[in-house]
Amino acid sequence: MSIKIILQRLAFLLIVIWSAATITFFIPRISTRNPIRERFGVLARSGGFSPQDMEQIVQSYNRKFGLDKPLIQQYWDYVSSLARGDLGVSLFKFPKTVAELIMEALPWTIGLLLVTTVLSFIIGNLLGAIAAWPHAPGWMRGVATPFVMLMGVPPVLLGVFLLFFVAFRMKIFPLGGAYSIGIVPSQTVEFYLDVLRHMLLPALALIFGQVGGWVLSMRGMGITIQGEDYVNFAEHKGLGAYTIFKDYYLRNAMLPQVTGFALALGSVITSGIIIEQLFALPGIGTALIDAIKFNDFLAIYGIVLFITIAVASLMVMVELLYPLIDPRIRKG
Amino acid sequence: MTSATITLSEFQQPSRLTLLFRYLRRNISLVVGLFIILGLVAFTVIGFLTLDTKDAYPLSAKARQPPSLEYPFGTDFFGRDLYAAMVVGMWQTALIGVLAGAIGTFIGVVLGFTSAYFGGLIDGGIKGVCQVLTPIPVFLIQVVIAGSLDKRSVTIYTMALIVVLLSWMGPTLVIRSQVLSMKERQFVSVAKLSGLGDGGIIFGEMLPNLLPFIAAAFVGQVFSAVFASFYLAVVGLGPLREPLLGNTIWAAQTQGAFFNGWWWWPLAPAVAMVLILSSLALINMGLDELANPRVRRTE
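Here the protein sequences come in this chain order: A and B. Residues in the first sequence are numbered from 1 upward in steps of one, following our numbering. Residues in the second sequence are numbered from 1 upward in steps of one, following our numbering.
For the record, the hints were derived by calculation from the structure and aren't laboratory data. Think of the CB as a built atom: it goes at the ideal place given N, C-alpha and C, for glycine as much as any other residue. Please note that a few of the clues may not be correct.
[To be verified] Distance condition first, Cα-Cα at most 25 Å in a straight line; then the derived DSS-like pairs of lysine-lysine:
(1) A/Lys-93 to A/Lys-69
(2) A/Lys-293 to B/Lys-151
(3) A/Lys-93 to B/Lys-151
(4) B/Lys-127 to A/Lys-4
[Claimed, not checked] Estimated spans, in silico, between C-beta atoms of each pair:
(5) B/Arg-152 to A/Ser-60: 51 to 61 Å
(6) A/Leu-200 to B/Val-45: 34 to 44 Å
(7) A/Gln-226 to B/Gly-39: 47 to 57 Å
(8) B/Arg-26 to A/Leu-324: 49 to 59 Å
(9) A/Val-115 to B/Val-98: 30 to 40 Å
Bound-form chain A, shown alone (with noise of 0.2 Å):
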């Protein structure tokens, strides 16, 4: 891998990333909805104050944000802060920054896609490896069947029949909420008890949603394999069952998987904002879907591009990364 390999990656991050940018940018400027208006609306029709004070105060803050200016001049004023790494400030949660959104949001849909993610994959390749393997006895080539039935249906609809039999007609878990109603935020067992018990739900929607995707193309990859010659000689050097299975036949079979991994993240992203909003938590999604409802757009700008970013940037480092796990490609 030379530098030059990485730099044209890097290089190509920046144009998605940019792409990105500037796609957002202008759709919410095409529409005819104003966001500011829209929000003292609201304030001057519950009483306060009258149409000329109304008028005052939306163009002051057409001035605050910049929106009198040009739309190439706000453009290049949001590409170059935006380099700076300035989010800018939410229209509609004033003062609240976007970038204090975002953090906000984010703990809850990282703790809830990473953990469900990571866990679909380890539980889906290593399925999808054992119902390929001849040795493996019966019982365990099943396990992975409902699972692949399982994949055409989205992790939402999942998730309402999850809400439907777990949570409305056994009532095990509650049917939405990060937390219970009533409890504060803290750092203590039981809060995170809490939570636990309120994630476990989405958690499983978006795992039964994902899982058999992997083992169908694992399973794939494992018969292929299975032909090839080194196989073949590990068996009759006598080596064990167990070391064949990891050393000779995952190790190779899980390569074009870790591609695999870096190319699912996008739909990832999709199911969890989807999630988020069918179990009402306070992630990333809810905040997206907010911010649109009010078309406040600097922070869908925000929102948006932080998503973009993360995901783009993540496929990038796992393709980086990937000739630590595939030594041939190192040397070539």
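Fit chain B to the given chain A structure using the hints.
For chain B alone, coordinates are given in the frame of chain A:
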């Protein structure tokens, strides 16, 4: 070893229908998928024939009724008959899927062909745009577009357009790679040598051979369009008046259907959506096998 001779009269070519049945027996996922789709179509058609579609809109029935003989799927908080809402929602989902699928596939075929057939700068440009757009989570951009629109101007057709806007990259890359390999095949060279123009080669020689791939790409596009529009609707960015399946789930969730014990409300659209998506996934798998016999499932 004795060799048996078969005379021409003894050997009967099975009829096309028999051959088709034999093929379908091998391609189970295509058959099951088609069966579910046919069932759903029958459900929708029968619904349209026997129901008043006005029942799918608010204030047409007694509100919050659990499933009964009169309302087989119950009614919701706003007084829609959920059976009628399912029928109309299914039809609208199909409409979005087919519209967006057709447009997306068309763009994909045109761009893929132009890119691969003419190569050079055009190819580099189209391929580059596809590559840059691929890592961006498309759903986010769709959410931003749908959210920027005025609520009143979101209709079934704008949904289809929003969905198609960023989903043509997949088919473009698939068709491009197929055309690239087909360009080198002998029948194309023969056609070129016999003086056929670009148009003749593209439409007369290559397109017919690509039809299975185009069909597979179309089903894939319908699948992702249904998926995307469902996702947009489920977070409340759909055409709010319409009984789109995702909208119904969103409405049920925002009204706290489970909290209030109206369990049937989100369940009916969820089951319908599972049937639609799994049938499309099965057909997609079946068509993949038809288009590319080399990926025959290893048993």
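Tested hints:
For the given pair, A/Lys-93 sits about 22 Å from A/Lys-69 by alpha-carbon distance, which is consistent with the 25 Å threshold. A hinted pair counts as satisfied when its Cα atoms are at most 25 Å apart, and A/Lys-293 with B/Lys-151 qualifies at roughly 10 Å. For the hint linking A/Lys-93 to B/Lys-151, the alpha-carbon distance of about 22 Å falls within 25 Å, and the restraint holds. At roughly 21 Å between alpha-carbon atoms, B/Lys-127 and A/Lys-4 fall within 25 Å of each other, so this suggested pair holds.
A beta carbon spacing of about 29 Å between B/Arg-152 and A/Ser-60 contradicts the range 51 to 61 Å that was offered as a hint. In this structure, A/Leu-200 and B/Val-45 meet the distance hint of 34 to 44 Å, their C-beta atoms being roughly 42 Å apart. Taking the beta carbon of each, A/Gln-226 and B/Gly-39 are about 38 Å apart, not inside 47 to 57 Å as hinted. Checked against the hint of 49 to 59 Å, the pair B/Arg-26 and A/Leu-324 fails, with Cβ atoms roughly 43 Å apart.
A beta carbon spacing of about 38 Å between A/Val-115 and B/Val-98 agrees with the range 30 to 40 Å that was offered as a hint.
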